Amino acid sequence: MISYALRRVLSAIPIALIAVTVCFFILRLAPGGPFDGERALPPNVMANLRAYYNLDQSLPMQYLIYVWRLLHGDLGPSMVIDGFRVSDLIRIGFPFTLTMAMSAFVVATAIGIVAGMIAAVNQNKWPDYVLVLVVMIGVVVPNFLSAALLQLVFGVYLKWLPAGGWVNGSLTHLVLPVTVLAWPHAARISRLMRGSMIEVLGTNYVRTARSKGLGERLVLARHAIKPALIPVVSYLGPGLSYLLTGSLVVEQVFGLPGIGKYFITAALNRDYGIVLGTTILYMFIILALNLLVDMLYAWLDPKVRYR
Amino acid sequence: MKITTALKAVSTAGALALMMSTAASAVTLQLHNGGDPGSLDPAKVSGDWENRVVGDYIEGLVTDDANAKPIPGQAESWDISDDGLVYTFHLRDGIKWTDGEPVTADDFVFAMQRLMDPKTASEYAYLQYPIKNAQAINSGEMTDLNELGVKAIDDKTLEITLEAPTPFFIEALTHYTAFPVPKHLVEEFGDDWTKMDHIVANGPYKIVEWLPGSYVHSVKNEDYYDAANVQIDEVYYNVLEDQAAALNRYRAGEFDILTDFPSDQYQWMQDNLPGEAHVAPFLGVYYYVMNQEKPPLDDVRVREALSISVLRDVIGPDILGTGELPAYGWVPPGTGNYVENAYMPEWAQMPYEERVAKAQELLKEAGYGPDNPLTLQLRYNTNDNHQRIAVAIAAMWEPLGVKVELFNSEVAVHYDALRAGDFQVGRAGWLLDYNDPSNTLDLLKTGTMQDGTMNWGNNYGRYSNEEFDTLLDQASTEQDLAKRGEVLAQAEKIAMDEFAALPIYWYVSKNVVKPYIEGFEDNAKDIHRTRWLTKNEQ
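Protein sequences appear in the order of chains X and C. Note that the numbering used here has the first sequence beginning at 10, numbered continuously upward. Note that the numbering used here has the second sequence beginning at 2, numbered continuously upward.
The set of hints was computed from the structure by calculation and includes no laboratory data. Owing to the predicted nature of the structure, the values given are computational and were not obtained by experimental measurement. Check before you lean on any hint, since a few could be wrong.
What the hints assert, rightly or not - Capping the alpha-carbon separation at 35 Å, the derived lysine-lysine pairs in DSBU-like fashion look like this: (1) 536(C) - 168(X); (2) 97(C) - 515(C); (3) 295(C) - 196(C); (4) 168(X) - 515(C); (5) 536(C) - 70(C); (6) 404(C) - 359(C).
Construct the entire structure; sequences and hints are all you get.
Rendered as structure tokens:
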């Protein structure tokens with residue numbers, strides 16, 4: 010198990026290098042650069058800026074400079090947000106994005122699993138229908154709309170919660186953004202849980218457990234839940250990375266200081282440093298999560314063994 | 002700083018802010034500021050959202066009053082030599098940076114040299130090109146920064162020498178490119194002087210916290226010379242680009258002022274928040290550029306046909322919904338140092354049917370008709386309003402038999418294409434940097450040869466007319482303001498009679514201001530420094 014984990018970690022290094030390389034060159038294929046705004050810059054100013062950020066070097070040279078810096082743990086400067094290094098922005102924004110994504114993740118996963126189970130046990134009865142409805146809304150309504158609606162209802166009309174902004178340490182400022190972020194995630198998890206639970210409840214070993222006289226609760230707790238969780242677990246990794254990268258809209262609508270928006274806006278601004286920096290960060294998160302999920306399988310399913 | 006200490010610092014600052022706002026009943030202004038500042042350094046900023054922050058914490062020789070007219074700032078008074086070339090500024094007594102160091106004439110000299118130093122790579126340095134040798138230094142032709150026409154006579158006296166008399170120079174000094182920087186800190190920390198650990202202020206406010214993506218937080222500077230009259234104790238410049246979300250937060254009482262709003266909500270606001278939406282003329286023109294380097298738009302008849310068949314009156318009221326005024330000329334109404342209503346073409350008064358008939362005639366003369374329809378690509382940067390206008394204008398050109406292919410792309414790609422001349426008709430906009438007609442007319446000046454390639458700057462359509470260029474040059478040395486206005490008006494007429502570009506509407510500024518905020522004066526520059534605002538008891 011440990012040697013398997015070690016091998017996985019080592020194999021992440023070439024993957025990371027390939028990802029950085031591909032990302033670096035694809036980014037440069039896009040027309041326009043970080044200094045192409047509404048106004049043309051005087052050519053000498055443009056030349057100065059390009060020289061300052063090494064953009065006047067040949068592309069392979071820029072790549073080597075970037076990788077060299079990267080190996081020294083330096084993600085380089087931001088080209089659009091002056092005076093900030095990419096690592097500064099990540100340091101400020103990432104803890105925030107992480108807090109938000111983890112809160113949404115925990116809340117959504119818990120709600121999703123429980124709701125999925127209830128629906129499966131009550132298949133085709135009213136709790137199941139209610140769940141399906143809520144799930145459909147969560148999946149179908151885009152988050153910019155649900156964010157605006159929640160803002161309007163709880164911030165403007167009811168005035169129960171702040172409609173946006175961030176005051177450090179204030180939980181109330183997190184409620185609406187986390188809800189918006191968590192809803193679709195909870196919806197997907199409950200659907201997965203419901204489906205796999207229904208399947209597990211129909212298996213032979215559950216029938217055996219029932220026939221030997223175990224109570225329904227015990228059957229669920231001891232025999233059904235663990236195997237039913239497997240598809241859910243396999244979704245948790247991508248699900249969390251989705252929450253981490255998908256916070257763009259939530260951050261923008263609520264004016265929150267996370268890094269989700271850099272991931273997108275930096276690409277539009279051609280802020281090469283930030284795009285690469287956030288991509289590398291997300292890449293490591295996804296690699297780590299995938300490894301974690303694979304480890305969880307072994308615990309959940311006795312059939313899975315790693316060598 | 003480690004993550005934990007960073008978090009601690011932020012949370013203490015937040016807690017402190019919370020305590021201050023509740024305990025001392027400090028007056029807090031929550032300003033919706035739109036974009037995230039890219040910098041706090043006056044030599045590096047370029048957006049209006051940055052100007053709002055920077056103009057509150059640093060003050061230049063001259064500053065903006067509530068109506069954005071220039072008034073004495075750090076300079077108490079100034080003398081102008083008879084030939085209009087030498088300006089002598091006398092600084093106020095007792096002005097200092099918030100770390101206690103005095104603000105001296107040397108800080109201004111240093112700031113201006115730093116602005117022009119090519120190494121600083123300041124985007125807007127060219128706004129101070131009227132200063133002697135500024136352009137030469139900024140372009141690297143001249144390497145000795147001391148050659149710049151800005152000199153400290155003594156600690157309190159600053160002398161600025163110009164290349165040529167420039168009637169709008171005092172106006173140009175209100176711009177952040179003319180702001181001083183604390184020489185002692187920049188020499189010590191370099192560009193890092195704007196980091197929260199080092200930053201100082203000489204304006205009415207000082208910045209205490211910057212949380213990228215969320216807000217910049219400033220508090221009143223008690224050392225400011227006019228602090229006694231500054232009413233607002235602290236300001237949050239909130240980052241929020243989503244206009245609908247901003248309106249929600251305004252309605253929830255979290256913002257006192259919105260600096261933009263969704264146009265389609267204007268009617269609703271007039272009905273439900275009467276008097277709170279401020280729509281005012283703003284110095285800027287929304288236009289289409291026509292690529293005159295290649296056919297078919299090198300033919301003035303084609304350009305004329307396209308221009309006169311655009312029904313501009315419906316764009317502001319009906320398509321945008323905010324009542325932008327139709328533009329027929331190139332210099333926005335209300336621009337200073339100019340002739341009132343300088344340019345109004347005859348065709349603008351013609352009934353629309355006649356204009357369409359004339360346009361059809363013109364296209365026929367140019368060789369286009371049912372057998373040989375004119376096909377055009379219309380490029381715009383991705384944005385709902387740009388799209389609506391493009392669709393409407395394509396429909397207006399349909400009766401002429403013009404087939405329009407709409408093409409949208411994100412902003413960097415769009416302007417890259419315009420600059421490369423890779424377009425036929427393209428959307429553009431220009432907001433004046435300073436209140437003078439030369440600032441828009443310069444957009445139509447023939448490019449200059451640089452290192453063997455033609456640099457067209459912002460003249461995307463590559464319009465070129467020798468007479469026009471000569472008139473602009475003539476105006477740049479004309480000292481008599483009225484006469485200069487006439488010369489510039491002549492130039493505008495030449496360019497517009499040749500349909501150098503296709504102006505569509507004049508921009509408006511769109512603010513939403515709570516009724517309890519006083520001192521918010523609508524003005525053509527849309528600059529509202531916080532020191533003039535008052536927040537009344539609610």
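- Please write out, lowest number first, the hints stated earlier that are contradicted by the structure. The structure breaks only hint 3.
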